[in-house]
Amino acid sequence: MGILVNKNTRVLVQGITGREGSFHTKLMLEYGTRIVAGVTPGKGGTIVHGVPVYDTVKEAIKESGGIDASIVFVPARFAPDAVYEAIDNGIKLIVVITEGIPVHEELKFVKYAREHSTIIIGPNTPGIMTVGETKVGIMPAHVFKKGRIGLVSRSGTLTYEIARELGKKDYGVSTVLGLGGDPVTGLNFIDVYNYFVNDPDTDAVVIIGEIGGDAEERFAKHYASLRNKKPVVAYIAGKTAPPGKRMGHAGAIISMGMGDYASKRKALEEAGIPVADKPSEIPLLLDKVL
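When you line the sequence shown up against our numbering, it's residues 49 to 338, in that order.
Just so you know, the hints here were simulated from the structure itself, not pulled from any lab data. Note that the coordinates shown come from a computational prediction; the quantities given were computed from them, not determined experimentally. Ideal placement from N, C-alpha and C gives every residue a C-beta, glycine not left out. One should not assume that every hint holds.
[What the hints assert, rightly or not] Here are the simulated lysine-lysine pairs, DSS-like style, with alpha carbons at most 25 Å apart:
{"id": "1", "residue 1": "K74", "residue 2": "K91"}
{"id": "2", "residue 1": "K156", "residue 2": "K106"}
{"id": "3", "residue 1": "K193", "residue 2": "K217"}
{"id": "4", "residue 1": "K74", "residue 2": "K159"}
{"id": "5", "residue 1": "K110", "residue 2": "K55"}
{"id": "6", "residue 1": "K336", "residue 2": "K314"}
{"id": "7", "residue 1": "K336", "residue 2": "K277"}
{"id": "8", "residue 1": "K216", "residue 2": "K278"}
[Said to hold, decoys possible] Pairwise CB distance ranges (calculated):
{"id": "9", "residue 1": "I95", "residue 2": "V337", "range": "46 to 52 Å"}
{"id": "10", "residue 1": "N276", "residue 2": "H97", "range": "39 to 45 Å"}
{"id": "11", "residue 1": "S311", "residue 2": "G92", "range": "46 to 52 Å"}
{"id": "12", "residue 1": "R212", "residue 2": "V337", "range": "18 to 24 Å"}
{"id": "13", "residue 1": "I238", "residue 2": "D325", "range": "23 to 29 Å"}
{"id": "14", "residue 1": "H164", "residue 2": "D325", "range": "19 to 25 Å"}
{"id": "15", "residue 1": "G92", "residue 2": "L332", "range": "52 to 58 Å"}
{"id": "16", "residue 1": "M49", "residue 2": "P150", "range": "19 to 25 Å"}
{"id": "17", "residue 1": "E318", "residue 2": "I95", "range": "53 to 59 Å"}
{"id": "18", "residue 1": "R58", "residue 2": "D103", "range": "32 to 38 Å"}
{"id": "19", "residue 1": "A272", "residue 2": "Y160", "range": "28 to 34 Å"}
{"id": "20", "residue 1": "V337", "residue 2": "R58", "range": "35 to 41 Å"}
{"id": "21", "residue 1": "K159", "residue 2": "K217", "range": "38 to 44 Å"}
{"id": "22", "residue 1": "I238", "residue 2": "K216", "range": "28 to 34 Å"}
Just need the whole structure built from these sequences, with the hints factored in.
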């Protein structure tokens, strides 16, 4: 089951003939993802790993018999056009892997997507995977064991480390979703948590935050206001980061006294969410809340 994607999700790869697109298409197919078409303008009629390639999204939808989700491996200059093309052709879930898209472009297409009831995961995301069913992203599948813990994260690499720690203690993952590391993202912790609350295959949620912005503080406020909720455990990256210095992600910057580690931790703990000091503590905190 999981959230947003499952074994029946029909996937389109935009930018399938590029190096990244081709490489990850192969890995997604090996995982069992139903990739039914690819799009690269000017490369229509070719085949990549057995997947037919079309010049346009419209053509791909028509010839493949329907598409539920798209994953975008298009370079930053052209990625917004790829996203608009997918939205305009009625695709309701778009995973934007591309890094380096200008913030004003991200703001525009995220707003446009919301107006058209389209969900955007990313940009600059490792994607989404419902473990054991489908992977629409670039996560290393072997570190995720199937189970009943939902994972939502702003950091790709940390997600893999935490999944490994969960697996060591016999906790598996239902769905893992990377919000994306940019200041603007299509989904936030509140959106994804609400999906997990409605998922019968998820018993608890691990949120992996990082310094910068106020997404964790806003989630804490939301969580505290809920009557019907599933337990949450958190981890925040960037404890030792100096203010004003960008750390890895464009979104991970402390500015004007907002978005630092202490304020995030305080907000979460005041809302009743235990915060781990290191990734290996997460399974121990899950033992307590479950």
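Here is how each hint holds up against the structure:
1. K74 with K91: holds (18 Å)
2. K156 with K106: holds (22 Å)
3. K193 with K217: holds (11 Å)
4. K74 with K159: violated (32 Å)
5. K110 with K55: The hint holds at about 21 Å.
6. K336 with K314: This hinted pair holds, its Cα atoms lying about 19 Å apart.
7. K336 with K277: Holds. K336 to K277 sits at ~16 Å (cutoff 25 Å).
8. K216 with K278: holds (23 Å)
9. I95 with V337: 46 to 52 Å: Cβ of I95 to Cβ of V337: about 49 Å, so the range 46 to 52 Å holds.
10. N276 with H97: 39 to 45 Å: holds (43 Å)
11. S311 with G92: 46 to 52 Å: Cβ of S311 to Cβ of G92: about 51 Å, so the range 46 to 52 Å holds.
12. R212 with V337: 18 to 24 Å: holds (20 Å)
13. I238 with D325: 23 to 29 Å: Given a distance of about 24 Å, which is inside 23 to 29 Å, the answer is holds.
14. H164 with D325: 19 to 25 Å: 42 Å Cβ-Cβ, so the 19 to 25 Å window is violated.
15. G92 with L332: 52 to 58 Å: Holds, since G92 and L332 (Cβ atoms, about 53 Å apart) stay within the stated range.
16. M49 with P150: 19 to 25 Å: Taking Cβ atoms as reference, M49 and P150 lie about 37 Å apart, which means the hint is violated.
17. E318 with I95: 53 to 59 Å: holds (55 Å)
18. R58 with D103: 32 to 38 Å: Hint violated: Cβ distance 19 Å, outside 32 to 38 Å.
19. A272 with Y160: 28 to 34 Å: holds (32 Å)
20. V337 with R58: 35 to 41 Å: The hint (35 to 41 Å, Cβ to Cβ) holds, given that V337 and R58 are roughly 36 Å apart.
21. K159 with K217: 38 to 44 Å: Holds - the Cβ-Cβ distance for K159 and K217, about 41 Å, lies within 38 to 44 Å.
22. I238 with K216: 28 to 34 Å: Given range 28 to 34 Å: holds, Cβ gap about 29 Å.
Against the hints set out earlier in the document, violations occur for numbers 4, 14, 16, 18.
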